[in-house]
Every structure is written in C-alpha cells, then in structure tokens.
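For this one, chain A is given, so just place chain B on it according to the hints.
These protein sequences, in sequence, are chains A and B. Residues -6 to 656 (the numbering used here) make up the first sequence, in order. Residues -12 to 131 (the numbering used here) make up the second sequence, in order.
This list has only true hints and no planted wrong ones.
One side only, chain A facing chain B, incomplete, derived with CB under 8 Å:
| hint | residue |
| --- | --- |
| 1 | Gly493 |
| 2 | Leu576 |
| 3 | Ala577 |
| 4 | Leu619 |
| 5 | Gly624 |
| 6 | Asp630 |
| 7 | Gly634 |
| 8 | Pro636 |
| 9 | Thr637 |
| 10 | Leu638 |
I should point out that these hints are in silico values taken from the structure, not numbers from a laboratory. Glycine is no exception: its CB is placed at the ideal position from the N, C-alpha and C atoms.
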Amino acid sequence: MSERVDLREFVGGFVAEADELVAAANASLLEIETGNDSQQPRPRAVRDLFRALHTIKGLAAMIGVEPIVEIAHALETAVRIADKGGGRFTSPSVQVAIKAVRAIAERVRAVADDKAPAAVPSGLLDAIANADATPDPPAIPPPMSATWDTRLSASERQQVFQALRGGGHVYGLVFQPSAELAADSINISTVRTKLAEVGELIKVIPRSLAPAGRGVVFDILIASDASPAKLAELAAMPVAEVSTIELPVERDVTRVDMSAVNEELPEPDSAPLAGRSLVRVELSRLDDLQEQLSLLVASRFRLERELTAMTESGLDVRRLREITDLQSRQLRGLRRAILAARLIRVTEVLDPLSLLVRSLVRPGVKEVKLEVDARDAELDKAVADRLLPAIIHLIRNAIDHAIEPIDERIAKGKPRAGILRVTCSETSTNQVELVIADDGRGIDRAAVARRSGRTVESDDDLLEVITTPGFSTRSTATETSGRGLGMDIVRRIAVDQLGGQLFVSTTPDVGTAFTLRVPVTIAIMDVFSFSCGAQSFVVPVSAIEEIFELDAAARVTPGGASGVTLLERRGRAMPVVSLGVVLAIDNGASANKALVVRRNGEPVAFAVDRMLGRQEVVVRPIDDPLAHVPGVSGATDLGDGRPTLVLDLGELTGKIARRERRV
Amino acid sequence: MANELHVAFRVGAADYAVPASQVLHLESFDTATPIPGTPSYVAGLVQVRGRLIPVIDLRARFGLPAIPRTIDHRIVIVQSGARVTALLVDSARDVVKLDDATFARPPEMLDGGGGFVKAVATVAKKLFLLVDVPRVIGEELGHG
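One chain only, chain A, in its complex shape:
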C-alpha cells in the first residue's frame, strides 16, 4: 500500500484528524465521568462524543480501515442510546467506552505506521453492546414551550431542564439578518460568538419566513444569567420579543422507547426540525457519492447490454426488463437527490459581498448602496465557489471605475449614492442568471475603440474587446471609460471554466450591466495530470490503483507484442502498455512512471513520461462525434486556455485488446 499515491496522501490527513477526534472523544468521556460522579448528566458531552465517533467512523470507512469502523460504529450506537435517554451514560459504560476509544487510537497508530490495524478483539464489541447505557429510566423533561418543544432533542431538553432547575434562566431569542446589520458586520456567526460569551447556547435553528423567500431568521435558545435587555442587544432584537422559558410542571418520567433506537436514526443534529435543518457535509463526500452513482450507472449499462444480447438470442427477459426499467427511474431519482444535496442558496454566496462593498467605498467621497436579490436561486457549491471571484471582480470594477464620486453624481442629477444591484434568478432548471448592474457612467465605447484600434459598435464587440487579456482602458486620457481592467478573468471563469455565457449592456451615464449565465451544476473531478510526449493529459484519481516508478531494465518485451511489455510486480507479471505508443504520440522510450488501472479485475500499467500533479478540475463532455473516440471521456482546462483531454485508461485497455485480436 506504500506506493499508492492517492491513499498515502489520504492517510496523513486521516491520522491527523483521527488523533484529534480521539482526543476529543476522551475529553468528552472524562467530562461524562465527572458528571456521573456529581450525579449531573452531561448531555452536551454525550453529543460531542457521538459526533467524534461518527466522524471517525466516516473517515475510517473512506480509507477502508474496517476494525476502526466496527468499533466506532458499535460505540456510536451505544452513545446514541444514551443521547436518546437524556444524556445519561453510566460509569461502567464509560469504562467500556474508554477501552473502545483506546482500541481505536491503537489502530489509528497502526495506520500511521503503515501497518495493518489489528482486528477487533471479539469481547470488545459484545462489551460495548452489553454496556447498559441506560440503567435508570431516562428522564424526558416535560414540554416547556410551544415554540421550542418539538425542535429539541431529548438531551437538549435535558440541558434546558438542568439549567432551570439549577436556578438559571433560559431565553428564546430571534435574530433576523439584514443588509443593514451585515453592513455593520453583524451576522449570525458574530451574534453566536457574542452570545456564547454570556451564556450557554443550547440551540440555534434557522427558520424560513413565510411566505417562502422572505428570508431566514434564527431562533436561538440560550441559558444565561445576563439580563434579557443585554441579550436583546447582542441579538440586535427588541427586548420585548425575548421569551423566557419557564420550568415546566413535573410529570411522570417515562421510559424511552428503545425500539425507536435503530440504525435509521439520524444523528441528533440532523433530526427533522420544525425549521430548516442543516448539516454540514464536506463537498468531497458528495463528490464521492456522485462517483459511486456514476459507477452504478456504468454497471447498469452493462446489465442493459447483456439483456439486449439475451433478447437477441431468443430468451424471454420481460420480467428482468421491468426491473431494469424501474432501476433506471430509481437511478434518475438518486441523481436528482444527489444534485439537490450539492445545491446551496445563492444568497449565502452573495451575503458577504456587503462587506466587500463597505471596504471599497469612501464615505463622503464615493458612496455605494448594494442591493442583493437572489430570491430562492440555488447553485452547486462547486459552481458558486468558482463564480465568486468573477462576481467580486465585477463589483470591484463597478465601484472603482463605473460609479462616480458624490459630487460628480450630484452634478449629473443622480442620487448621492451609487446603486449596485446584484440579482440572481433561475432561467431554466439547469441554468442560473446573475446580473451585476450599476448606475454609473457607462463604458465609453469611443475610448475603448480608440484604445483597442477596433470598431466597437455592438455590445458584443465591446465585450470582445474588454475581455481580451491585457486590455485596460485605465491608462487612457479620459477617465470616463473606466472599466475593462482584468475583465478577461471574468470571461475565463464564466465562459471557459464553467461553460456559461457572459453579456454586457451599457448606456452612457445610465449604467452598465453584466450578465453571467452559468450552469447550476458542473462535473468536478479529482484528477492526476501527467505528460506523455509533448502533450498533457489527466485521469480521474479514482481510476488509478497505484502509481510507481518505472524501471526500464526490469521490463520484459515479449516478441511481437505492440508496445506491450511485462513487468514483475509483487510476484506476478503485469502488462505495461506504453501510452505514447497507444496514442501514437511517440515510441514510449521516455516513459518513467506507471499508472495502474484494472481491466476485468487484472492490473494493467500505463507507462507515461512524467506526473505533473493532482488537482480538481471541471470536466466537460466532448459533444461532437468527430472528436468522440474511445479512451477520451472529456476535456478540461488546466489553466492555459487549451483543452486537456481526460483519458479513460480502462477503456483504452479495451481498445488495445481489440486491436491485438485483429492483428
């Protein structure tokens, strides 16, 4: 495993993160134990423990360390039961848990030392399963407030209950974000931070305002000794709207229904809530999900081919067909669901822009009012991340060059402050239109024409010129053209990278609007780039089993084979195919790296010249049949403005096999 480049890179990250998580789990266990000594359940520590275990499990599963997955999973289940029971975790259970966490830590070390982690001791899983996490009937705190009752987990309710019983106060607050507040750097995270200083935040839940699209407010539940007036000030809300949560009348405690605790239970934080519930997911995990889906689609195609062959040979496959048709619909549903999971609200992307605008205006000299309206538009996180630099660029240009200083605006009869409108809407199911419009001086076509030496009649001409690399109107004598600085970057992002469209429309002294139309989603691929001859290529990381240094001397060339040699690899003969020869680029003599893929379960190495790196790229399909050849699955732009081919080495092995059969 030591030579598997992709895994190795991952292992370092895994060990670092797993170490932290193990430490966090131990800290939580210690706190739970301290709580047990003083007869005080620690629901928060139980939840932290759960989260740490859950993350360890996920990470271990990704790099395939089964023993860790098993231990973490068993323990996670026990902790989940404890959480359900209001955060009670008995001392004997804590002892078992400490042992289990130590077992995880040992296996993390083994992974770090590149050793095989030991299997799970048979007794441990049983001990975890039998650890009675809830010997006492778990106390379910009675309801305390209509607003909050359905939105809290058992352990959170326990937290409220404990705070109130201990003579503390619990308040419900509402924070409503707005452009004005954002302009003063007040947003939910700053509010959270400030509130956390004066009390214990129990829950923060975003809630959509009705009707949909009116925005989001955050309901905040806090245990605090600070005065309601102080809390209201910190949450930027009227003190009259602070609600006080009262200690409810005690009811009979009821035993939690254990049958409800099963595998399907979501983790506490993602339990369905009355408001919009959120869970943070790393984008790479969604990418992984998508990749798994594409593998499923590929095997589905193979099934389809087999079925067709069976039909042709006269077999009755109608029943099987019904199933595969159903499967097709299910796959489409899965694809939609995965896409939906990747989407984020454009508002989230645009909100920080108010801070940018604030930093660019000069009070008293040039003032700008930013108006953002993204309604309910949503974008793939990957698209949003790539698009943001273009948006920032356009906003900066508009403020620096397009919007006039106050005195100039007053002289023109315009309002004192310039208006910069950023709107975003869905134009179709898979496209989003973003418009960045200012009410500034407009682009001076004559100046642009003079500077470029080209005729600039239409808006398209204008766009063409101002998005030419290196074009700038800044150094022209008239200050009035004022835009075009680095506009090629905007075009590269919107058009070349995202495969979208860019338009401009401008009217002197009325303003300029840039329109970007981009796809809602793009295919992002984690790839290795390498060179072969003078050409660069990329391959998906997921397709590569391993990469190793090629020792030319160890290669055996069987007589008659076309560019295929053999190599001893772990006691077996592995075919080495020269990519340069297969692609008719060169004779493969300069190859010194081998990329291993699997073909029908058997490893095949492709000899290439040099590895260039690993990166995430946007892959675009090649539509035209002329350019559609086996072994090439698409193209990407590595940053030089030229297409780089994405190779499907598995498919190339098929091509070689076919050719050899013909020979």
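For chain B alone, coordinates are given in the frame of chain A:
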C-alpha cells in the same frame, strides 16, 4: 437566397466559401489539442468561448500537402445542424456576396476537394468553390 453573404477563405490555390449565416466566428489559430484515434484530417480540439470544438484541417481533408503554420491561418467556426466544428484554412479575409444565379454544378473532374464542393460561383470572373459543410465534417458520423 439571391445575393447571400458568404465568408470566403483560401485553401491551397483555390478560394472557397460558406454562407455567412452558418459561420459563428472567425478566429486566429494557434494550436489545437490532438485527439488520438481521430481521422488524420482532425487537427485537434480547441476551446472557443467555452465550447469544445473539433478542428478539421481542410488541407488534409482535401488531400492537399500540409504547409507550415503562418499567422494567416484561421479557423472558421461553422454550425451545421446541431454540430459546431471549426474549419482550418490557409487564410480568410473577405466576406463576399454570391448570387445563387451564378452557382453552377462543379465539373465532374474537379481536382482537389473533389466531392466536398457542392457548387461553383463566379464573382467578377473570380471563382468561389462552395464547400459542402455536412460532407466535410462527415455528417455520416453524426447521430443527428
């Protein structure tokens, strides 16, 4: 249809033309990314305004010898049905109005680009060979 605008270009020793209505852009040509396994007349793949477009080397397509690349080389990006392809030509400068009344069937024995010329037009004693774009881009390859 009479007097339709055409983009005129030169390949080898002849002037060719395609209707301007089918031409999306005219671009200078630097390099294309070779695509292994394509016919020899496919010069490679270019990215034009975010679009991936295959380049057809008309010299190779017409069976003419290759020449060193010059700054005059252009790609004419044409739309034919749903397909968008780029034609690599020696140079392209003019837009000409061709009267379809002057269109004649190409002589049977036409040399160079045989089969890819669908008509011959005459303007002021100058001959323009009308390129049969679907044929050049190998429409039989297309799925639509």
